[in-house]
Amino acid sequence: MKEEINYKKFGLKAGLEIHQQLDTQHKLFCKSSTMMAEKEPAALVKRKLHPVASELGEIDIASSYEEMRNRTFVYQYFNKENCLVELDEEPPHEINLEALNVGLQIALMLNCEIPNEIHVMRKIVTDGSNTSAFQRTILIGMNGHLKYKGKQIPITYINLEEDAAPLVSEESGAATYRLNRLGVPLVEIGTGLLENFSAKEIEDIAFQIGMICRSTGKVKRGIGTIRQDVNISIRQGERTELKGVQDLAMLAKIIDGEILRQNSLGEIRNNLRKKGVRRISSQPQIVNEDLYQSKSKILRSLLDSKKTIFALKLPEFAGVLKKEISPGKTFGRELADYVVAFGVKGIIHSDEDLARYNAVEDFQKLRERLGAGENDAIVVIGDNADGKVAFMLVKKINHILEKPEKEVRGVQEDGTTKFLRPLPGAARLYPETDVIPLSVLDEWVEKLSKTLPESWMKKYERFKSKYKLSEDLARQILRSEYLETFEKIMEKVRIDAAIVANTFTNTLVDLQKRERVDTKRIPVHIYPELFEAVADKRIMKEATPELLKYFAEKPGDNVANAIKEINITVLSASELNKIIEEVLEQQSNLGYDKVVGIIMSKVRGRVDPQVVLAVVKKKMK
Amino acid sequence: MTIKKTGPSVKLGVIPSIKLRHKPGLPEVSLIATGGTIGTHVDYRTGGVFMCRTPEEIIATAPDLENIVNLKGVHRPFTLASEDMNHSHWQQIAELAAKELNKGRRGVIVTHGTDTLHFTAAALSFMLKNLSKPVAIIGAQRSPDRGSFDGILNLICGGYFVGHSNIGEVAVVMHGSSSDDFCLAHRGTKARKMHTSRRDAFRSINNLPLARIWPNGKIEVMNENHRKFEDRKVEADTSFEPKVAMVKFYPGSDPGIIDYYVDNDFKGIIIEATGLGHVATGESGTSENETIKSLSWIPHIKAAVDRGVVIVITSQTLYGRVHPFVYRNLRLLYEAGAVFGEDMLPETAYIKLGWLLGHEKNIEKVKNLMLTNLAGEISAETDYRNYLA
Numbered sequence: 006m007k008e009e010i011n012y013k014k015f016g017l018k019a020g021l022e023i024h025q026q027l028d029t030q031h032k033l034f035c036k037s038s039t040m041m042a043e044k045e046p047a048a049l050v051k052r053k054l055h056p057v058a059s060e061l062g063e064i065d066i067a068s069s070y071e072e073m074r075n076r077t078f079v080y081q082y083f084n085k086e087n088c089l090v091e092l093d094e095e096p097p098h099e100i101n102l103e104a105l106n107v108g109l110q111i112a113l114m115l116n117c118e119i120p121n122e123i124h125v126m127r128k129i130v131t132d133g134s135n136t137s138a139f140q141r142t143i144l145i146g147m148n149g150h151l152k153y154k155g156k157q158i159p160i161t162y163i164n165l166e167e168d169a170a171p172l173v174s175e176e177s178g179a180a181t182y183r184l185n186r187l188g189v190p191l192v193e194i195g196t197g198l199l200e201n202f203s204a205k206e207i208e209d210i211a212f213q214i215g216m217i218c219r220s221t222g223k224v225k226r227g228i229g230t231i232r233q234d235v236n237i238s239i240r241q242g243e244r245t246e247l248k249g250v251q252d253l254a255m256l257a258k259i260i261d262g263e264i265l266r267q268n269s270l271g272e273i274r275n276n277l278r279k280k281g282v283r284r285i286s287s288q289p290q291i292v293n294e295d296l297y298q299s300k301s302k303i304l305r306s307l308l309d310s311k312k313t314i315f316a317l318k319l320p321e322f323a324g325v326l327k328k329e330i331s332p333g334k335t336f337g338r339e340l341a342d343y344v345v346a347f348g349v350k351g352i353i354h355s356d357e358d359l360a361r362y363n364a365v366e367d368f369q370k371l372r373e374r375l376g377a378g379e380n381d382a383i384v385v386i387g388d389n390a391d392g393k394v395a396f397m398l399v400k401k402i403n404h405i406l407e408k409p410e411k412e413v414r415g416v417q418e419d420g421t422t423k424f425l426r427p428l429p430g431a432a433r434l435y436p437e438t439d440v441i442p443l444s445v446l447d448e449w450v451e452k453l454s455k456t457l458p459e460s461w462m463k464k465y466e467r468f469k470s471k472y473k474l475s476e477d478l479a480r481q482i483l484r485s486e487y488l489e490t491f492e493k494i495m496e497k498v499r500i501d502a503a504i505v506a507n508t509f510t511n512t513l514v515d516l517q518k519r520e521r522v523d524t525k526r527i528p529v530h531i532y533p534e535l536f537e538a539v540a541d542k543r544i545m546k547e548a549t550p551e552l553l554k555y556f557a558e559k560p561g562d563n564v565a566n567a568i569k570e571i572n573i574t575v576l577s578a579s580e581l582n583k584i585i586e587e588v589l590e591q592q593s594n595l596g597y598d599k600v601v602g603i604i605m606s607k608v609r610g611r612v613d614p615q616v617v618l619a620v621v622k623k624k625m626k
Numbered sequence: 224m225t226i227k228k229t230g231p232s233v234k235l236g237v238i239p240s241i242k243l244r245h246k247p248g249l250p251e252v253s254l255i256a257t258g259g260t261i262g263t264h265v266d267y268r269t270g271g272v273f274m275c276r277t278p279e280e281i282i283a284t285a286p287d288l289e290n291i292v293n294l295k296g297v298h299r300p301f302t303l304a305s306e307d308m309n310h311s312h313w314q315q316i317a318e319l320a321a322k323e324l325n326k327g328r329r330g331v332i333v334t335h336g337t338d339t340l341h342f343t344a345a346a347l348s349f350m351l352k353n354l355s356k357p358v359a360i361i362g363a364q365r366s367p368d369r370g371s372f373d374g375i376l377n378l379i380c381g382g383y384f385v386g387h388s389n390i391g392e393v394a395v396v397m398h399g400s401s402s403d404d405f406c407l408a409h410r411g412t413k414a415r416k417m418h419t420s421r422r423d424a425f426r427s428i429n430n431l432p433l434a435r436i437w438p439n440g441k442i443e444v445m446n447e448n449h450r451k452f453e454d455r456k457v458e459a460d461t462s463f464e465p466k467v468a469m470v471k472f473y474p475g476s477d478p479g480i481i482d483y484y485v486d487n488d489f490k491g492i493i494i495e496a497t498g499l500g501h502v503a504t505g506e507s508g509t510s511e512n513e514t515i516k517s518l519s520w521i522p523h524i525k526a527a528v529d530r531g532v533v534i535v536i537t538s539q540t541l542y543g544r545v546h547p548f549v550y551r552n553l554r555l556l557y558e559a560g561a562v563f564g565e566d567m568l569p570e571t572a573y574i575k576l577g578w579l580l581g582h583e584k585n586i587e588k589v590k591n592l593m594l595t596n597l598a599g600e601i602s603a604e605t606d607y608r609n610y611l612a
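Those protein sequences? They're chains A and B, same order as listed.
When you line the first sequence up against our numbering, it's residues 6 to 626, in that order.
When you line the second sequence up against our numbering, it's residues 224 to 612, in that order.
Treat each hint with caution, since some may be false.
Stated by the list, open to error - Once the Cα atoms are required to be at most 16 Å apart in a straight line, the calculated EDC-like pairs of lysine to aspartate or glutamate come out as:
(1) 51(A) to 404(B)
(2) 53(A) to 287(B)
(3) 51(A) to 423(B)
(4) 401(A) to 342(A)
(5) 280(A) to 342(A)
(6) 471(B) to 482(B)
(7) 542(A) to 613(A)
(8) 53(A) to 482(B)
(9) 154(A) to 200(A)
(10) 408(A) to 272(A)
(11) 411(A) to 598(A)
(12) 622(A) to 598(A)
Unchecked claim - Now the in silico label distances, taken between C-beta atoms and shown as ranges:
(13) 222(A) to 420(B): 33 to 41 Å
(14) 458(A) to 277(B): 50 to 58 Å
(15) 417(B) to 102(A): 28 to 36 Å
(16) 611(B) to 102(A): 33 to 41 Å
(17) 445(B) to 558(A): 40 to 48 Å
(18) 441(B) to 427(A): 30 to 38 Å
(19) 445(B) to 374(A): 23 to 31 Å
(20) 546(B) to 124(A): 37 to 45 Å
(21) 420(B) to 102(A): 43 to 51 Å
Derived by calculation from the structure, the hints in this document are not laboratory data.
In this text, a Cβ means the ideal position worked out from N, Cα and C, and glycines have one as well.
Throw the hints in and build the complete structure from the sequences for me.
Shown next, in the form of structure tokens:
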């Protein structure tokens, strides 16, 4: 897996969909706060959702799959951050113009055409993350582009929409969602087809789009506030949507994993075809009676809980199920993920260590029962009497053998992915009839165009030319979460930009990694004060790590007091002279290096080391 | 930017309509669909929702009904938003319901727009004379195009109410809370829409709900004071005098409105008075301030009563009972000949007065009957538990 992936050879095609929360005061369709700071829900509301014949045709494929789960949804309601709109108990209020303006700014920066009318649409979502079973979404830009390495990256659409409620927990058919995120304005940016790019380059494109959003100064920051979905297909695979990449730095790794997964499934298909297996024709068999003497704990618990146990023969599959198809995932695990998505606990298969399950004899019996030979594999699944999931598993395997199915996969924290549901059909939008369309006047767009924030590339150039930052440091500070703080300091304080940028991109990281300092505790408003002290030579720049540590401990204190407390006031020339002379007197037998060491340990952070060296050198001569 | 068509157009408006399967052993009931949100489609031309669903389409949203009842008679006498209805529609529904019940149905479900649903509920309560079977009036606050459609639970609970409860009354069966957990059956003469948009908009006023109904079929009787189910004939007694008005008193309101109705041959007026039943009296008739004097309702009410118009006082507080004697001003109104309508809801009093005047020409008898409980509209005593329940 370590070798470089040849993206051209695989024929990698990708598409990005980036979701960025906006930092507006109110939600998109009501006046609730977007702070998402409340901890305790003020009320719980329980709901059911029903598949509906959407006005545009037959019951949506995604909806009916969700319906199979027959879930109850519990919604946590938060004071101030929720109102009846998010509870689906009141029609939406007028659209939030602050959010619309930020959205349009982003659309203009991505060179989009702006529609002359704003139409709110309902996108059907039946996983429970929206109380209304739809998400309100508005197309605000089309046919745009972004320049990247001399190429034009197409931006197909930009939507302004309501964020969904996040899942808190799910147990025994009840899914709990937090409602305070529901309705927070979000821009959804979709790129066109990205071909002939590496995974790292795709990650970089996602980064640049994120930077454009950030340059408005009106987007939320932190984990979960920007989420990437990426669509991946390779020549011998099928389009897969990987949903919810929260850490951009993992995107390339996730794409690589998906390429390997699709490729491995293709190899499995090719190998089985060579052996003459084109599809599975055998159906799952009920084997409860064959297993009634089972000593296996798992099988026993299935029998005891009155599950119907199905066994399935997979011809020529011996060894295939333990094949690793992507880092950390075997083919067997992949099939297990699939049934888990439909509410079954998992599968047991003959490529596993059956002794561990105490099921060697059971499988021997099943082999006889199903007429399975050494080269065949057996899969066992505990299901409801109708065997719905067991039969769906056969269908899924046949898809893999014949033509892979388009699917949606959820991205896990470790960067692996799991089957979520088949890719929903396209007919998922219909008009939100509770909000009247809004015309976007030309003058409005023109005014916005004239006041667009500085672009990411311009900022990069300015950091290099005006602040004399190196290319590396300019890039690092642009990516840093402290970018806004850096810019604020540079506006206010006359100081070498490299000192400030280095503090944010290196010092803080070092303190966190090496000394386990909780740098997140340092209040943002301290930084301008701190760098003013450096600029005024009240402290040496070498003293900043000590000060930062201090504020991580005592975030409520001020800079003047901190300087006193940790004794880092800059030494005057005479004070320094005194210390040097004392040391030289006491340690007259030591050499230059040792002497400098002792002196430095006494004055570190309180005087420029160059000055110490010069004075000591002069005195020792 | 202009919108370009990028693909073939999609066929609109595919709503399956199903006929429920007959399951032997289940009670036979009827359904009367009259319009409202529970029977809407999204209209792409006007952008709003409009009413057009057939009963079969409504049933299709709650297929679970086929395990609860056998739907025998399915009718659509008209399809209207409830704000467009008038007494003739209440009469049609009452006659249809009586006909179905007398065919041997165990009960009737009426689907209805929610805004004036409680008027219809009150009307049916009076018009279905000797009713001893359950009639459930049901609506929805979210339209059926959404996955969050609330009408499904209402239909299921309504099915249990008409098919399986031992209550023989007209009831509004709607969500009992914002959750999809249970419905409440509210007595038809004591129910009122108390919220513009919540699922649990309907409340029992001055009365405990009749029952709590769970979607698994559990029926928890909450109010023992109800008519029990009996398999008897019912009579549709639907005469109604439409020349009855509802008038709201408010500070500074012009009492000339009473004269307007009297001059236009109205036979009865329900006044939504303040508090215990007050209207302006011109400082008990002693004011020397010309404006205050001119705003007194007493002379106008007295004149109306003298011309044979029945004036009934109800309270805009909705909760509680009016009283004719606590203040001198109330006594003036009483002395002017107004009838104090006990703890009746203004809307119920309006329906009752129209129905009484449709039957009885003797004004004194009408006044007496207004204060006699006929369909659960007046409670003899005010239960402590009934406020904001």
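Structure-based check of each hint:
Restraint check for residue 51(A) and residue 404(B): the C-alpha separation of about 7 Å stays at or below 16 Å, so the hint holds. Proximity of residue 53(A) to residue 287(B) is assessed by CA-CA distance (about 14 Å); at most 16 Å being required, the pair is judged to hold. For the suggested pair residue 51(A) and residue 423(B), the alpha carbons sit about 13 Å apart, so the restraint of at most 16 Å is met. Only pairs whose Cα atoms come within 16 Å are accepted, and residue 401(A) paired with residue 342(A) is accepted, the gap being roughly 12 Å.
A distance of roughly 26 Å separates the Cα atoms of residue 280(A) and residue 342(A); the hinted pair therefore is violated under the 16 Å criterion. At roughly 14 Å between alpha-carbon atoms, residue 471(B) and residue 482(B) fall within 16 Å of each other, so this suggested pair holds. Distance restraint check for residue 542(A) and residue 613(A): the Cα-Cα separation of roughly 10 Å lies within the 16 Å cut-off, and the hinted pair is therefore satisfied. Restraint check for residue 53(A) and residue 482(B): the C-alpha separation of about 53 Å exceeds 16 Å, so the hint is violated.
Among the hinted pairs, residue 154(A) with residue 200(A) is consistent with the structure: their alpha-carbon atoms are about 13 Å apart, no more than 16 Å. Note on residue 408(A) and residue 272(A): the hinted pairing holds, with a Cα-Cα distance of about 13 Å set against a maximum of 16 Å. Taking the CA atoms of residue 411(A) and residue 598(A), the gap is about 68 Å. The hint is violated against a cut of 16 Å. Taken as a hint, the residue 622(A) and residue 598(A) pair is honoured in the structure, with Cα atoms around 10 Å apart against an allowance of 16 Å.
Taking 33 to 41 Å as the suggested C-beta distance range, the pair residue 222(A) and residue 420(B) conforms, at roughly 36 Å. Hint check: residue 458(A) to residue 277(B), Cβ distance near 55 Å, so the stated range 50 to 58 Å holds. In this structure the hint that residue 417(B) and residue 102(A) lie 28 to 36 Å apart at CB holds, the actual value being about 33 Å. At about 38 Å, the CB distance of residue 611(B) to residue 102(A) agrees with the hint of 33 to 41 Å.
Taken as a hint, the range 40 to 48 Å is violated for the pair residue 445(B) and residue 558(A), whose Cβ atoms sit roughly 60 Å apart. Checking the proposed 30 to 38 Å range against residue 441(B) and residue 427(A) shows it holds: the Cβ atoms sit about 37 Å from each other. Distance hint check for residue 445(B) and residue 374(A): the Cβ-Cβ separation is about 56 Å, which falls outside the suggested range of 23 to 31 Å. Under the hint 37 to 45 Å, the C-beta atoms of residue 546(B) and residue 124(A), about 55 Å apart, miss the expected range.
The hinted window of 43 to 51 Å between residue 420(B) and residue 102(A) is violated, with their beta carbons roughly 24 Å apart.
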